[in-house]
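> Same order as they appear, the protein sequences are chains A and B.
Using this note's numbering, the first residue of the first sequence is number 4, and each one after it goes up by one.
Using this note's numbering, the first residue of the second sequence is number 243, and each one after it goes up by one.
Wrong hints could be hidden among the right ones.
Stated by the list, open to error - With a straight-line Cα cutoff of 27 Å, these simulated DSSO-like cross-link-like pairs (lysine-lysine) come out:
1) Lys-140/A x Lys-402/B
2) Lys-126/A x Lys-402/B
3) Lys-402/B x Lys-144/A
4) Lys-402/B x Lys-119/A
5) Lys-119/A x Lys-144/A
6) Lys-402/B x Lys-131/A
As the list claims (entries may be wrong) - For each label pair, taking beta carbons as the anchor points, the in silico distance ranges come out as:
7) Gly-28/A x Thr-391/B: 35 to 41 Å
8) Asp-66/A x Gly-275/B: 52 to 58 Å
9) Thr-403/B x Gly-28/A: 25 to 31 Å
10) Glu-63/A x Arg-428/B: 18 to 24 Å
11) Asn-118/A x Leu-460/B: 29 to 35 Å
The set of hints was computed from the structure by calculation and includes no laboratory data.
Glycine included, each C-beta is placed from N, C-alpha and C at the ideal position.
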Amino acid sequence: MSAQTILQVEEIEVVYDQVILAVHGVSLAVGQGEIVALLGANGAGKSSTLKAISGLVGAERGDVVGGRILYRGADVTRVSPDTLVRDGLVQVLEGRHCFAHLSVEENLLIGGFVNKPSRQQLKAELEKIYHYFPRLKERRKSLAGYTSGGEQQMVAIGRALMARPRLVLLDEPSMGLAPLIVEEIFEIVSRLNATEGVSFLLAEQNASIALQHAHRAFVLESGQVVASGAADELAARSDIHAHYLGAVA
Amino acid sequence: MEFFFEVLIGGLLAGVMYSLVAIGFVLIYKASGVFNFAQGAMVLFAALTFVSLVESGVPFWAAFALTLATMILLALAVERWVLRPLVNRSPITLFMATLGLAYIIEGGAQALWGAQVHGLELGIDDVPLEFGGLFVSQFDLFAAATAATLVLVLSLLFNKTRIGLSLRAVADDTLAAQAVGIRLRRIWTVVWAVAGLVALITGLLWGARLGVQFSLSLVVLKALPVLIIGGFSSVGGAIVGGLIVGASEKLAEIYIGPLIGGGIENWFPYVLATLFLLARPAGLFGERTIERV
């Protein structure tokens, strides 16, 4: 593995409740500063792969039973999520999972607590998030549960960024959102990647938008990688679309 | 009319005592979605420990601090040996665990300190004071002031501190809280320790009124209607619920009681709670799930 690899997943197997095999020998890699897309239909194992990496699979009665996960060169298989967040690996959950009864600003602040920042640092971090998501600043006093789906996705991403991550695992950011909002969110992801140098591994069903913004991609089916390569090459291969990703979205 | 107000105020102040018990439940319910059946046992345990220390000659504040330390140790033990092994289990499993825990704590308290009844003297006399022609118990006023202080401290803790915000985050969405790096074990320990502090204060006030004895763990039964009326997830709701229960049971006893032969104070709150369950299952201030349309 090269010195620039930030995440290396080797042949992992994920099992839920000791019997349900969700991920069956997936290997993938994310380079420093890269956006990598993880594509596939519903139930292909995208979410389980991400949760295995972030350590959250354990919170859902799942376990990584085979293979290993290297983050910045160290084996982090089965390391607890809070340790990983402190080391800069943060997951944004599918379906956004905002703290509905807390305000937008409280949601964001909580994301920053993990590094034990001073009051000033926390405030500076918050301003940075508002710079990327000006809409959240307008709505900062609203309860997150009462904001729109797009705003909630922004809260979820902003909350993860408050921890100053090196690598963000982004699960299904387009889910249930209008195409224009999806476009806006992917634009911000690209911008964060370019200016802050944050790497992204994003699971997505909407292959066309993901391939527009990603550098490379892996395609999952039934818990296995069935294709991988540069994003523009994959986008050009019509068989991939036909077989695994459905017709052009 | 003066008599009516005296009954009302007496009832409201008695209600504050119910609220105190209910707050202990609310704390743990908020953070883990579990109805902690052991809260009553914790009240008994705290009061027994405190009284036994005082009787063996430890000064008041030292005994208070020592008991509080014991409650924190208890919280650590509960996290380590009850909550941690049961992580990710359904709420009903955790509820059953707290049921078992209640017996262990009750038994442990009595094995450690004995089962005899202790008197507890807080230095506040239960004598009536006169306010513009109305008589109000000095002890009730003291209890109300204590409860008010406690609620103020708790609301500062929840709204102004990082640990408090993290706690509310866990209450809202446990998985998301873990995803942003909140350590569940630490949150649970803090919550149980705070519930232990509430149990200690409850135990002292109730113990001073009833004597410190086994039946102290049964005051929690009075907390049930309070929680149903006020809502399981709101400290403010526990206060309002307590006031409603206290005032209504006293007024019902005085004004409805004679019509049906009296003795209704003990069951009236449960009837009220049943009506609330029919009309407003989340209680007055319980958090309903936010649904966007």
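> Next, verify each hint and record whether it holds.
Against the structure, the hints:
{"no.": "1", "hint": "Lys-140/A x Lys-402/B", "result": "holds (20 Å)"}
{"no.": "2", "hint": "Lys-126/A x Lys-402/B", "result": "holds (15 Å)"}
{"no.": "3", "hint": "Lys-402/B x Lys-144/A", "result": "holds (15 Å)"}
{"no.": "4", "hint": "Lys-402/B x Lys-119/A", "result": "holds (16 Å)"}
{"no.": "5", "hint": "Lys-119/A x Lys-144/A", "result": "holds (23 Å)"}
{"no.": "6", "hint": "Lys-402/B x Lys-131/A", "result": "holds (22 Å)"}
{"no.": "7", "hint": "Gly-28/A x Thr-391/B: 35 to 41 Å", "result": "violated (60 Å)"}
{"no.": "8", "hint": "Asp-66/A x Gly-275/B: 52 to 58 Å", "result": "violated (24 Å)"}
{"no.": "9", "hint": "Thr-403/B x Gly-28/A: 25 to 31 Å", "result": "violated (45 Å)"}
{"no.": "10", "hint": "Glu-63/A x Arg-428/B: 18 to 24 Å", "result": "holds (21 Å)"}
{"no.": "11", "hint": "Asn-118/A x Leu-460/B: 29 to 35 Å", "result": "violated (47 Å)"}
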